Amino acid sequence: MGHGIELLGKDPVGRRSDAVAEELVRMIQSGDLQEGDRLPAERDLMQRYGVSRSAVREAIVALANRGLVLTRLGHRPIVRKPDYEIAIDKVGNLVGHLMVDRKGVWNLFDSRIFLEAALARWAASHARRDDIEELRAALEANRQAIGNPTQFDETDAAFHAVLYRIPGNPIYPAVHKAYVEWLIQHWRSMKRGADIDHMNYAGHEAIFDAVAARDPDGAEEALRRHLVAAWEFVRSTFADGNRARGQRPIGDA
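Under the working numbering, the first residue of the sequence shown is numbered 1, with each subsequent residue one higher.
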């Protein structure tokens, strides 16, 4: 970390901060800075690279925006290990701005139904015994939460999360976490009641039964029926309650 950035001595602050950021990124990627390490103090970075405090701070903000450091007021930034969850969190900041109306939310549901239908089929064909037992346990937890809105939402998401874990690809659970964070405000705004919980639980039960029976077509169909019914409740959280032109009813928590 001692070779400095002498060539940028006369360049604008923005370019100096970019150079400092890229040098710190290089050190994180090479392992010179490990996960959990604190970045050097601002004064040290200023001296090593011959840049201003504002350039150092801009570089740290850039790293934080890329998910590579965790910042907290009054503390030196801590290095974070890049992973899929962090990467998708960064995308989530943009997606949140795209969900200001029903069409934006519907587009998000459309992407989820496409992915989750494939996951249900995959689970029916490839789930191991342990996977099915995990799905069974998640279903039972969901049944026991009927009538408790907070717990039901949590166990609802947990049931779907199992489908995302079964293939063993770390990208899928990260995507599921993002879906939950993007959509939670709409779930909390939906009409609630034990009768609705029972309906959603029945949808989960049908998905489980098809997966356990090794029936890919049945698993996908059960999941689609469940999402179609659930989308009607999500759609009701919008002011006019009307379906946008060209939309097909899909989607669920």
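Wrong hints could be hidden among the right ones.
Result set (SDA-like, lysine to any residue): computed pairs, CA atoms no more than 20 angstroms apart in a straight line [unchecked claim]:
#: 1; residue 1: Lys-177; residue 2: Asp-131
#: 2; residue 1: Lys-81; residue 2: Arg-66
#: 3; residue 1: Lys-177; residue 2: Asp-110
#: 4; residue 1: Lys-103; residue 2: Leu-115
#: 5; residue 1: Lys-103; residue 2: Val-180
#: 6; residue 1: Lys-177; residue 2: Ala-141
#: 7; residue 1: Lys-177; residue 2: Ala-117
#: 8; residue 1: Lys-81; residue 2: Ala-178
#: 9; residue 1: Lys-81; residue 2: Ala-174
#: 10; residue 1: Lys-177; residue 2: Asp-37
#: 11; residue 1: Lys-81; residue 2: Ala-117
#: 12; residue 1: Lys-81; residue 2: Leu-33
Now the in silico label distances, taken between C-beta atoms and shown as ranges [to be verified]:
#: 13; residue 1: Asn-107; residue 2: Gly-50; range: 39 to 49 angstroms
#: 14; residue 1: Arg-53; residue 2: Glu-205; range: 56 to 66 angstroms
#: 15; residue 1: Val-61; residue 2: Arg-192; range: 56 to 66 angstroms
#: 16; residue 1: Arg-76; residue 2: Met-199; range: 46 to 56 angstroms
#: 17; residue 1: Arg-57; residue 2: Ala-202; range: 46 to 56 angstroms
#: 18; residue 1: Asn-148; residue 2: Glu-22; range: 42 to 52 angstroms
#: 19; residue 1: His-198; residue 2: Ile-171; range: 32 to 42 angstroms
#: 20; residue 1: Ala-41; residue 2: Arg-66; range: 19 to 29 angstroms
#: 21; residue 1: Arg-66; residue 2: Ala-202; range: 21 to 31 angstroms
#: 22; residue 1: Arg-214; residue 2: Asn-65; range: 38 to 48 angstroms
#: 23; residue 1: Leu-115; residue 2: Asp-215; range: 15 to 25 angstroms
#: 24; residue 1: Ala-41; residue 2: Lys-103; range: 40 to 50 angstroms
#: 25; residue 1: Asp-130; residue 2: Ile-78; range: 31 to 41 angstroms
#: 26; residue 1: Ser-111; residue 2: Asp-209; range: 25 to 35 angstroms
Hints in this document: simulated from the structure, not taken from any laboratory. The structure presented is a predicted model; accordingly, all values stated were derived computationally and were not measured. Glycine included, each C-beta is placed from N, C-alpha and C at the ideal position.
**Study point:** Hint check, failures only
**Key:** 10, 11, 15 and 21
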